[in-house]
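Undergrad: Sequence:
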Amino acid sequence: MPRLPTSHPALQSLRALLCGFAQIFLQKSPGCGALVLLAILIGAPELLPGALLGGLTSTWVALRRGYPKADIAIGLYGYNGVLLGLLLSLKLPWTLLLPVLIVASATLSSLLLAPWMRRMRQHGWLPAFTFPFVLLGWLLLALLAHLELSAAPPASAPDAPALSLLQLILAVLRGLGQVIFLDSPLAGLCLLLGLRLADGRMALWALLGSSGGFALALFSGWPGEGALAGLYGYNATLAAIALAQVHRNLWVPALGILLAPLLQPGFSALGLPALTMPFILACWLIRAGAQSWQQAVRNSAAP
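With my numbering, letter number 69 in the sequence shown gets 69, and the count goes up by one each step, no holes.
Errors might be hidden in some of the hints.
[As the list claims (entries may be wrong)] Computed list of lysine to any residue pairs in SDA-like fashion (alpha-carbon distance at most 25 Å, straight line):
hint, residue 1, residue 2
1, LYS28, VAL61
2, LYS69, PRO127
3, LYS91, GLY271
4, LYS69, LEU141
5, LYS28, LYS69
6, LYS91, LYS28
7, LYS91, LEU48
8, LYS28, LEU141
9, LYS91, LEU141
[Stated by the list, open to error] Cβ-Cβ distance ranges computed for the label pairs, FRET-style:
hint, residue 1, residue 2, range
10, GLU148, ARG118, 19 to 27 Å
11, LEU270, LEU218, 21 to 29 Å
12, ALA145, ARG119, 41 to 49 Å
In short, the hints are calculated from the structure, not lab data.
Even for Gly, the Cβ is constructed at its ideal location relative to N, Cα and C.
Given the sequences, and given the hints that come with them, work out the whole structure.
TA: In structure tokens, the structure reads:
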């Protein structure tokens with residue numbers, strides 16, 4: 001575990017908050033987190049207050065509950081709250097209901113994550129990743145649909161002109177931005193710079209992930225508008241980063257880049273928003289498969 005900073009408590013809190021933004025991309029660099037925050041400011045500034053409220057709430061709850069300070073310091077209790085704040089701000093206008101829902105869901109995200117992380121370390125559970133965000137996001141979206149609350153209009157997907165090199169580059173950058181609900185290529189570039197600041201290797205894998213998801217969507221004949229908007233790149237981006245952090249070879253992250261977008265259309269068939277669940281499932285399936293293979297090898301080698 002990294003040592004906690006010894007500076008002023010306010011600076012420690014700021015660092016933890018920025019690391020929470022960075023942990024959306026599985027990084028623990030406050031500089032990366034600052035660039036994620038800047039990307040939101042560039043791409044959709046109206047979402048920033050909700051993101052900050054969600055991150056502050058989930059981090060504060062972890063502090064109050066006495067969860068490991070080292071985990072809090074590197075943002076592990078911030079990113080689910082940030083994502084919930086972004087999602088709710090995207091779906092609801094700013095009324096009294098919005099901060100109430102953000103605070104409540106961000107609180108629950110920390111309460112769900114803590115026992116999962118404890119079991120992961122003690123009993124070998126699969127990593128939670130963004131599962132608290134996905135689970136609570138599904139429940140919140142179902143609640144909003146049931147109450148028939150008016151949602152903020154979604155950002156329009158770009159038109160689908162004949163593909164050019166520029167369109168390909170913009171689509172790849174949008175795939176990075178869609179991790180945090182942004183379709184701005186400039187915001188995606190800002191995120192790429194944040195990843196480069198944290199870890200150049202992860203920045204490269206993020207590019208490969210977004211490019212792979214985009215290419216797979218085109219070759220599979222999926223809607224071109226969605227592909228150009230980056231909607232098939234963001235889960236592949238996260239899968240590439242998560243798997244490349246654990247596996248130094250090329251094949252396992254490449255499998256994640258392929259598998260995450262292939263899982264995505266299934267959620268539409270189930271009537272569920274995909275959110276980041278395809279990324280989570282891809283990583284879980286690959287890790288479970290690797291564990292099963294290792295166990296089979298050990299069993300076959302036993303006398």
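Undergrad: Please verify whether LYS91 and GLY271 have alpha carbons no more than 25 Å apart.
TA: Holds - the C-alpha atoms of GLY271 and LYS91 are around 17 Å apart, at most 25 Å.
Undergrad: Given the hinted pair LYS28 and LYS69, is their alpha-carbon gap at most 25 Å?
TA: Given pair LYS28, LYS69 holds - Cα atoms ~14 Å apart, limit 25 Å.
Undergrad: LYS28 and VAL61: Cα distance at most 25 Å?
TA: holds (19 Å)
Undergrad: So does GLU148 sit 19 to 27 Å from ARG118, Cβ to Cβ?
TA: Distance hint for GLU148, ARG118 is violated at roughly 39 Å.
Undergrad: Does the hinted range 41 to 49 Å hold for ALA145 and ARG119 at CB?
TA: violated (32 Å)
Undergrad: Would the hint linking LYS28 and LEU141 be met if the CA-CA limit is 25 Å?
TA: violated (29 Å)
Undergrad: For the pair LEU270 and LEU218, does the Cβ-Cβ distance stay inside 21 to 29 Å?
TA: At roughly 24 Å between Cβ atoms, LEU218 and LEU270 fall inside 21 to 29 Å, so the hint holds.
Undergrad: LYS91 and LYS28: Cα distance at most 25 Å?
TA: violated (28 Å)
Undergrad: If you draw a straight line from the CA of LYS91 to the CA of LEU48, is it 25 Å or shorter?
TA: holds (13 Å)
Undergrad: Given the hinted pair LYS69 and PRO127, is their alpha-carbon gap at most 25 Å?
TA: This hinted pair holds, its Cα atoms lying about 19 Å apart.
Undergrad: Tell me if the straight-line CA distance from LYS69 to LEU141 falls inside 25 Å.
TA: violated (32 Å)
Undergrad: Could you grab the alpha-carbon distance between LYS91 and LEU141 and see if it respects the 25 Å cut-off?
TA: holds (8 Å)
Going down the numbered hints, you'll see the structure goes against 4, 6, 8, 10 and 12, while the others check out.
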